[in-house]
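> Now for the letters of each chain:
Number of protein chains: 2
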Amino acid sequence: RTKVQILQYIILKWTMACLVGLCTGMVGYCINMAVEYIAGYKLSQTTSFLNKSRYLIAFSILAGSNMLLVFSAAVLCAIVGPAAAGSGIPEVKAYLNGIDAPNILSPRTLLVKVFGSIGAVAGGLSVGKEGPLVHIGSCIASLLSQGGSSRYRLTWRWLRYFKNDRDRRDLVTCGAAAGVAAAFRAPVGGVLFALEEAASWWRSSLLWRAFFTSATVAIALRVAVSNCDSSSCGVFGTGGSIMFDMGVVSTTTGLSELIPVVILGVVGGCLGSFFTFLSGKILRTYASWHARHGLFAKLLQAVLVAFITSLLMFGLPWLGTCTACPTESDECPSTGLSGKYKQFTCQSGHYNDLASLLLNTNDNVIRNLFSTNTAGLYRYSSLTILLCSSFFLALITYGTAIPSGLFIPVIIIGAAYGRLVGKFMTSFGQLETLDEGVYAYLGAASLLGGSMRMTVSVCVILLELTNNLLMLPPTMLVLLISKTIGDLFNHSVYDQILHIKGLPFLVEKPEPYMKHLTVMDVCSSPPVTLSATERVGNIVEVLKLTDHNGFPVIDHSSEVPKLHGLILRSHLLVLLKKGDFSEAQFCSVDFAKPGSGKGIKIEDIELQPEQLNKFVDLHPYTNASPYTVVESMSLAKAFSMFRQLALRHLCVVPTTPEVAPILGILTRHDFMPEHVLGLYPHLKANKWNRLQIQSSL
Amino acid sequence: RTKVQILQYIILKWTMACLVGLCTGMVGYCINMAVEYIAGYKLSQTTSFLNKSRYLIAFSILAGSNMLLVFSAAVLCAIVGPAAAGSGIPEVKAYLNGIDAPNILSPRTLLVKVFGSIGAVAGGLSVGKEGPLVHIGSCIASLLSQGGSSRYRLTWRWLRYFKNDRDRRDLVTCGAAAGVAAAFRAPVGGVLFALEEAASWWRSSLLWRAFFTSATVAIALRVAVSNCDSSSCGVFGTGGSIMFDMGVVSTTTGLSELIPVVILGVVGGCLGSFFTFLSGKILRTYASWHARHGLFAKLLQAVLVAFITSLLMFGLPWLGTCTACPTESDECPSTGLSGKYKQFTCQSGHYNDLASLLLNTNDNVIRNLFSTNTAGLYRYSSLTILLCSSFFLALITYGTAIPSGLFIPVIIIGAAYGRLVGKFMTSFGQLETLDEGVYAYLGAASLLGGSMRMTVSVCVILLELTNNLLMLPPTMLVLLISKTIGDLFNHSVYDQILHIKGLPFLVEKPEPYMKHLTVMDVCSSPPVTLSATERVGNIVEVLKLTDHNGFPVIDHSSEVPKLHGLILRSHLLVLLKKGDFSEAQFCSVDFAKPGSGKGIKIEDIELQPEQLNKFVDLHPYTNASPYTVVESMSLAKAFSMFRQLALRHLCVVPTTPEVAPILGILTRHDFMPEHVLGLYPHLKANKWNRLQIQSSL
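Chains as they are written, first to last, in the numbering used here: chain B, 7 to 703; chain C, 7 to 703.
Hints are not guaranteed to be accurate.
For chains that are exact copies, the list does not tell them apart, and a pair is met inside one copy or across any two.
20 Å max Cα-Cα, derived EDC-like pairs, lysine to aspartate or glutamate [claimed, not checked]: (1) 515 / 527; (2) 287 / 501; (3) 568 / 637; (4) 287 / 337; (5) 584 / 547; (6) 515 / 173.
Derived by calculation from the structure, the hints in this document are not laboratory data.
Next comes chain B alone, as it looks inside the complex:
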């Protein structure tokens, strides 16, 4: 490439990263604003009718608006973009693992995800916008990297430089980082999330670019927040970066805090893996129900969930009792949208603590639970009711056909149980070293660790959310314990979804039994090959008869046939489409990956009989350096190679000269445990082997 092209490419790469950051930051900001406005208006109307004792109208407003919002989100999601349902993090993870499932990063999905998220979150469901924002960031990155969508005729030619999978994958990784950075206002946490959870391959150059993208998000958010009036911009932290400020708490410095931390970690790990187990069951039930009854079931279920949620939000606070406001507080009962003291049906000067925890936006619930120096603010009964209802709601909501993040519900459940444990511990007197708010925080951390099984990224995200670095050591400890406990029982909640969706995810390490197999043990029948100089008719026939994506090209010019290389189906299709087979006709851009969709199909190509009888020289279009392994190679080593080098095809060649210069082609499918164990059922992994894998994972 020329100097100018290199410079262009570099500049474009960084401009793209910057654009992804800016767009994701802005979209995150807008979603946040929209949710604050809609939910705020809804809740203020409900409260005003409550204050007038017109309870039925108040409930109708709440339930009606919730159901309407959720219904519109569900309609959007079910009709326009079904790929936008759920959290989106497993899909992004699958894409970054090399699985190019249709539509997961399409503009449609982006659109549904943005508006569906607003509907679902503003509709009061027990869902977060954090997971969807990761998906949104990735969609934006994918859209930008292909220079718009050819399907909707929105294309920007000058942005169409990233036509290879690697550049696109890199940008999507940056997009995922930007999503977390925008969702939690945690730029470093975003980079770490992309590194720990999302990406399957990582280079230090990518670390730098993801960091740049996150920094852009942080600065964009900061500018956006600083340019809007604090009253009209909803509840934001200082500098647009801290959501749940706990900066004032000081934790004690010693061993005395270890006991509660260990208890929280163990309980959180068990609870987290139990949550994962139940959510998996429910996800399967919902999925089969949706498959049987179609669109109607999806919409009905979403509306039903919205109704149940509204019922619990409005109905449960009646179980609470009114408490007189603390004398020193001048913000009780709270009149605005936020605040720890909701009046609900109490007389003036009193508050209902259960209403503060239920009849509120999710963010405010967390803020209330994390609030410090407020020991005794919430009763045992209130926290227990919150814990049960939020656990129940999180379970029935996840799996609904709407964009639904898992972070926020998990944080609420964790904070509720943490605060409950804290209340119990401090009631013993001896263990008063930690504030109840800190217990809530550590409880949230433990449940995140126990269900999502991330360590470094969750730790940094939580610290960035709460702005207190002194809590770093206990946070690390609680996460380590809860993840370890959780891993004893099952896989992380995201891995479980990958498994339920049947996505062929390649894990990092080969299974232990793969050491005992060779590549030929799993490689199917001799591959379909093409000659280096092949009749066009044969090519068309081969493409029609098989659905392989790569074909070995055999050179018959010498006395012994020789493997020349590997040609991709997509390249053959481009060749055939052109209809003229002389080399001069093509430049490298023609073979670039198409923006979106499946590209050319063999059915769309019509060739004249005289063209079919022509011969085409495949040499110039063939990848002459495919990666190869010899037939006696151990499957485990071939797996490592396939995974580390991010291959799509791996050619198996013979050790001794035989008639066939190639014995088979290994693809992702051949390495999947399901396939290998299907062939050799006696290798079925027992519990101990699984332990071994998990321990090294």
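Add chain C to chain B, keeping to what the hints say.
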């Protein structure tokens, strides 16, 4: 492996990680304490004689103790462990890249590094203990992973489970993370440092283990600090985790702060790459001087540097002027070791600002420069003198034969220039949005970015050092700018040292010209092969005549010779050492990598003539699944494979059946740019190609 063994292995792995964390934390704590006590005693003696106006005695005490401390460090380093000189980070980086240079992680090096660091830092030199602590952490990990040192007969059999390179490398990575965690009390920063700078290969399982190790360090430090009286434990932050607390500063939230941040970033990038350039020159000069004049030169130079440092520390403050103490401050003039107001030779109630910045420990200098709400505390002249002297001292000190970290001097230089810029900017009046202390902090960040070229890890380390997450966006921005600017000029200061030391470091991506070569273009002459059933005499001869580490084993049993696999020199040596060649004699532990040192040498093996004529069947000892590439493979692809899979040997096999079943073996050496460009000088990379590499790195 059996269930019990698997469980043992898992438990051991985590116990090791925990032990590494505990030991590193404790060593870091002890070094810190030792430095605080020694330097504190030295400075208090100096100060007391100063106050009595007995200047010559004061200077003699200062210079004498500095020279003595540095001399003992230099003697230790030059005689006992020359590998302990310098920062140690490049050495750790090289080890983790697969370069097993002698002694870099030996117990000797560990010992020298610990005591040498104490001497050098307490001796007032412009060096830090941070780089050495990374090296110390890695040495501890290496020592533990090999279960002690066989050389010194300190072996713990029950710790000797990690006999493969991978487990050891993993633990050393954890050790590097622990080192940073102990040095800066920045556990998350430690993990990120290990990930971004130290490790060449990374798996998410490693992330988790490194996180665990760092958490152990954090908790160990916390307990250590909480169990000691605050007066006798020197100057520690709260909870043993914050060194330079800036938690009270609030930065403005808007665009106005962008201008100073950009200016600091650009200047810091230029200054950082200039520093790197100069330090490279000086390092080469020193190295050649040391090589010519030996031990004497090393010691003389160290003592000379200590003398010059003392002279500047004591002499330059005379240039300062006395200022009356601010009326509201009750800690002026400071009586203790820390404090912003040193009296020096001033009358009571006055302070000398230059003395606060020079006649102090490095940590206190940084604390003074980062101090906020103290605009006007330091004059232009004082800051300029500090900047020049610290720049000069950092340059002449680095390359001396003592353990010397680069972080602290770079932070001092950066903070000095940042504060200078801040003073200048605020004097204009319009740009008063940032505190002078924040300028100093951002200046330090920019110089770190400009010289070390790390982004995420430096960012997190700085945040953990200063406990203010609101400074995250400007810190990110300043680091990105200074790294970009620095990369335009040269490589990072650590990469430069790797290059100067001539370590064959494998970078992440192949050079662009490698695309135009095939593996056969760089592969030397046909390899030395062994037969599958080989005469012992032949093996001995081959081992004596060559220094190859791997030999292809050819199976001649079939009609056409066939490549059976690859056998390692070390395995052959174990075979020969035993003298008996029947398979039953060996178990897998025999072939494990020896703890330290070079293992068995061929010269040490004496065989009887009748043994030499025996035949040995090499089949069971051969790795039958070596990675292979075909002769027509592009060098760039082979490089990726070699690097990604962390190989030591890569076999080149023919595409068509020929007489030889193997054409060559590629090793690390064959992929080094020096070697390739030596063979094909016309491919010499021009500036633009270099830009391309850097941009993608």
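> All hints, please: hold or fail.
Verification of the supplied hints:
In this assembly of identical chains, the alpha carbons of residue 515 and residue 527 lie at most 20 Å apart only when taken from the same copy (19 Å versus 33 Å across copies). For a Cα distance limit of 20 Å, the shortest separation of residue 287 from residue 501 inside one copy, 14 Å, qualifies, whereas the shortest one across copies, 52 Å, does not. Within a single copy, residue 568 and residue 637 get their C-alpha atoms as close as 16 Å, and across copies as close as 12 Å, so both meet the 20 Å cut-off. In this assembly of identical chains, residue 287 and residue 337 lie within 20 Å of each other by CA distance neither inside one copy nor across copies; the values are 44 Å within and 65 Å between.
Proximity of residue 584 and residue 547 under a CA criterion of 20 Å is satisfied intra-copy only: 17 Å inside one chain copy versus 62 Å between copies. In this assembly of identical chains, residue 515 and residue 173 lie within 20 Å of each other by CA distance solely across copies; the values are 15 Å between and 25 Å within a copy.
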